[in-house]
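Peer 1: Take the given structure of chain A and dock chain B to it, following the hints.
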Amino acid sequence: MNMKILNLTLHHIRRSPFQSLVAFLTVFICFLILNSFIFVNRGLSSVLSYFETKPEITIFLKDGLDEATVQAVQKELAGYPDIKEIRYISKDKALSLYKEMNKDNPLLTEMVTASILPASFEVSAYNPKVLEVIAQSFSAKSQIVDEIIYQKDIIQSLLTWTQVIRTSSIVLISIFVLIAFLVIFTLIGMKITNRKDEIRISRLLGASKFYVKKPFILEGIIYGSIGSFFGFIISFLIIYNLRDSVNFFFQPITFIYALTIFEPLLLLAEIFAGIFIGLSASWLGARRYIKW
Amino acid sequence: MEIVFEKVTKNYGPISVFKDLNLKIEPGDFVFITGPSGSGKSTLIKLILNQIKPNSGDILIDGKALNHLKNKNEIDKIRRKIGVIFQDYQLINDLTIEENIALILDIVNYPNAKRLSRIDEVIKMVKLQHRHFLFPSQLSGGELQRASLARALSIEPEVILADEPTGNLDPTNAWNLIKILQNINKKYKTTIIMTTHNMDFIESLDKKVIKLGKSEHENT
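Here the protein sequences line up with chains A and B, keeping their order.
Straight run, no breaks: the first sequence in our numbering ends on number 292.
Straight run, no breaks: the second sequence in our numbering ends on number 220.
No wet-lab data here; the hints were simulated from the structure.
In this text, all values refer to a predicted model and were calculated from it rather than measured experimentally.
Please note: incorrect hints may appear among the correct ones.
[Unchecked claim] Using C-beta positions, here's what the derived DEER-type ranges look like:
#1 114/B - 287/A: 49 to 59 Å
#2 262/A - 73/B: 39 to 49 Å
#3 17/A - 117/B: 30 to 40 Å
#4 197/A - 12/B: 48 to 58 Å
#5 114/B - 261/A: 41 to 51 Å
We put the beta carbon where it would ideally sit given N, CA and C, even for glycine.
The following block holds chain A by itself, in its conformation from the complex (with noise of 0.2 Å):
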């Protein structure tokens, strides 16, 4: 029989089930929430490129404009340079649009007329500089325009959401990652506490202190590759679960994509963080607690 030092450390991990389980599940955990805080990051990026690439304003117009000042309004609007397209949103067509979004909503559509909703110039451009210049321009004419909703004003808190997201999930991870360290450094430290029997008739029969760390060592490295596996693989399943309901509720932007070679990447990089989180508790607790 070939006593090899994997046996040896599935048969420690064999011996404590539970504290073996609490190691896994740590680390699975962590892993499941830096993957699910990846996914989001992901979408909101997608979601950011897409306010980016879509250069737009609107203004809306007071109410009771005649003809000629919404026409010079159009034409002053024209006169900018790199204008992609202008669209004039009528009260009329405000409205039509209004039922469109909520037809499966009647309550919302009852009392609704046309009067009470605002016509508005849609404005895209090439150059999103222009729309700057425009808002600017038409912020000052109080007495025709009633709101100005630019896109950078969106990007500017979706970047902000996305900051905080970001932040919130580098410090959660961050926790994460501490209590995983600090829940395998601890339980080898436990193990081999209650190995040192073992550990000293093996360093009296000539194992070096190299040999009676290495299954310790692996223990913490089957830990965090396990964990990181099963994390990834679970956050996984659910995210591309939830991938249609998800992606209609954004569109037309594709909040999760399809598998592509990232994937695959992620999940190597995250096995190897999950690895390299494993093996230094793990070789730390050796160090700390094998002193024979």
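Peer 2: Only chain B this time, still in chain A's reference frame:
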């Protein structure tokens, strides 16, 4: 492997076990270490294994002083050349007898291809063929002693340190063990250092004897 004690003193607190002990064990020697309880027989074994350190003096293994070895791996290397039969067996309770032997073969990096046959060989040698799959807690004192012997023999050591190896054996098995050790000593020139209280062995066999006194030693 040559083992030399040069003016070795070992104290446990106020109790002096040896004072300026000098002894030399040549490669291929068969040596009995005897003396009353507390005379330091087990201490002598522990000193050779570098399990404990002397208060003063040097222990030289093949000319290298254990307490002056700078590279700690050297001690591991020396231990890998020594087969030990501990008084309290020191078998790993979680592993079967077979696995205990496999572990030491792995520690000494015994050739993979020969491990299984070596385990079978030593298990037959100590007559544990029907017990090798059992755990230490499932064996009697005598069987544990033989399992410990099998583990020590498995690595084909240069030296066998046997601390009271016949203590838990009936006279027949005790003599069988002595015969095994004698054969190994004769066939492979393995140095045997055995502590014992049993004067029958010492008187019946014409071997070198180191007698330890309560607080002094005598080298014969």
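Peer 1: Has the hinted range 48 to 58 Å been met by the Cβ atoms of residue 197/A and residue 12/B?
Peer 2: 22 Å, violated
Peer 1: Quick check on a hinted range of 39 to 49 Å for residue 262/A and residue 73/B, using CB atoms only.
Peer 2: Given about 46 Å between the Cβ atoms, the range holds.
Peer 1: Lying within 41 to 51 Å: is that true of the beta-carbon distance residue 114/B to residue 261/A?
Peer 2: Holds, since residue 114/B and residue 261/A (Cβ atoms, about 47 Å apart) stay within the stated range.
Peer 1: If you check the beta carbons of residue 114/B and residue 287/A, does the distance land in 49 to 59 Å?
Peer 2: 34 Å, violated
Peer 1: Determine whether the Cβ-Cβ distance between residue 17/A and residue 117/B falls within the hinted range of 30 to 40 Å.
Peer 2: Given about 35 Å between the Cβ atoms, the range holds.
The structure does not agree with the numbered hints 1, 4 stated previously, though it agrees with the rest.
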